[in-house]
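Trainee: Protein chains in written order, with the working numbering: chain A, 1 to 68; chain B, 1 to 68; chain C, 1 to 68; chain D, 1 to 68; chain E, 1 to 68; chain F, 1 to 68.
FYI, nobody ran anything at the bench for these hints, they're computed from the structure.
Hints should not be assumed to be uniformly reliable.
Which copy? The list can't say, so a pair holds if one copy fits it or any two copies do.
Only pairs whose alpha carbons sit at most 25 Å apart, straight line, appear in this in silico SDA-like list of lysine to any residue [stated by the list, open to error]:
#1 37 <-> 26
#2 37 <-> 61
#3 66 <-> 50
Protein chains: 6
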Amino acid sequence: MPYVNIKLTGGKEAPTPQQKAELIRGVTELLQRVLNKNPQTTMVIIDEVDTDNWGIGGESVTERRKQK
Amino acid sequence: MPYVNIKLTGGKEAPTPQQKAELIRGVTELLQRVLNKNPQTTMVIIDEVDTDNWGIGGESVTERRKQK
Amino acid sequence: MPYVNIKLTGGKEAPTPQQKAELIRGVTELLQRVLNKNPQTTMVIIDEVDTDNWGIGGESVTERRKQK
Amino acid sequence: MPYVNIKLTGGKEAPTPQQKAELIRGVTELLQRVLNKNPQTTMVIIDEVDTDNWGIGGESVTERRKQK
Amino acid sequence: MPYVNIKLTGGKEAPTPQQKAELIRGVTELLQRVLNKNPQTTMVIIDEVDTDNWGIGGESVTERRKQK
Amino acid sequence: MPYVNIKLTGGKEAPTPQQKAELIRGVTELLQRVLNKNPQTTMVIIDEVDTDNWGIGGESVTERRKQK
């Protein structure tokens with residue numbers, strides 16, 4: 001019955017549907033392996049966040065990407 | 001003053017504006033009826049999630065819909 | 001398959017287990033009635049928040065309760 | 001290491017990238033000033049919510065905006 | 001830079017610190033393997049939820065556990 | 001009408017009620033200054049997270065604190 005929310009950068013950096021499926025499968029298996037949680041009721045939601053809307057170190061990821 | 005967040009599948013499965021309004025009204029009334037919470041300060045946010053980004057039973061909802 | 005998160009004040013203002021059960025049942029029925037969502041996979045999580053940790057109007061709920 | 005999530009109305013009311021950058025910088029500085037939190041590991045995520053999907057006082061923000 | 005939130009039942013069902021560490025390590029490795037995300041900035045937060053506060057199928061997990 | 005959620009480490013590292021009040025006031029003022037948001041309807045929720053339950057760099061904050 002666990003609920004998992006994964007937030008990662010979207011847009012050009014967004015994962016493909018295959019990669020998303022791999023994340024969903026992987027985290028569901030992890031919860032089964034470590035805590036014996038039932039995969040049938042494990043819920044996973046992936047949020048793709050625009051790099052303008054994600055900040056770290058006091059600046060947006062958009063700005064950080066430019067500086068590299 | 002309660003805060004409610006409702007996540008449901010979007011895209012083709014997204015609710016209409018009328019259905020969203022009904023959810024907002026319904027959950028606000030529920031909190032007033034059960035806990036006497038003030039409707040004026042009850043906040044509700046609805047997130048529509050792409051079926052690729054929602055997993056249950058270790059696979060995405062997109063995959064599950066195909067199998068039916 | 002909807003996911004609902006309800007945040008409300010805890011401590012002395014916390015709902016009883018019966019009231020929580022009523023919220024869970026009520027919001028699950030609302031999603032079934034309005035959007036025909038399957039109750040078996042509707043997940044509801046209630047968070048009880050300390051009044052020191054909840055702010056509105058720029059001050060904590062603890063402060064607001066004192067002023068009344 | 002704090003994590004901050006800011007939800008505000010999007011669409012026509014969405015902040016500009018400059019305003020978002022100002023929010024990210026401002027909240028990161030606030031956490032450093034008040035709690036001495038390391039800005040390098042402070043994470044901020046801004047969610048823009050459609051006015052149809054945001055409810056207060058039992059009705060959507062879209063409806064409230066019309067009434068004014 | 002991903003952010004992951006895992007919610008699971010707490011109290012008697014709460015994971016041990018070792019199990020939590022295994023979840024944190026496992027999900028961080030998964031994001032590195034699938035999406036090449038930097039583990040150093042991957043943040044994971046685990047929330048333990050009381051069984052009274054978690055609902056599925058229209059009833060609390062506390063109630064469901066009794067029926068078995 | 002913005003909603004802000006701040007997650008930070010709790011337990012021995014938890015902020016005092018005064019510090020929490022300062023965070024609530026500060027973030028509410030920031031949203032008013034940058035986006036002209038109405039402070040009366042700005043909601044702030046602070047979550048204090050146990051260091052066992054917070055991971056970064058693939059390990060819990062509890063582990064990281066020991067290594068210093």
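Trainee: Each of the hints needs a verdict: does it hold here or not?
Mentor: Going through the hints against the structure:
1. Taking identical chains as interchangeable, the C-alpha atoms of residue 37 and residue 26 lie at most 25 Å apart whether they share a chain (13 Å) or sit on different chains (15 Å).
2. When the C-alpha separation of residue 37 and residue 61 is checked against a cutoff of 25 Å, the pair qualifies only between copies, where the shortest distance is 14 Å, while the shortest distance within a copy is 35 Å.
3. For a Cα distance limit of 25 Å, the shortest separation of residue 66 from residue 50 inside one copy, 15 Å, qualifies, whereas the shortest one across copies, 29 Å, does not.
Of the hints listed earlier, there is not a single one the structure fails to meet.
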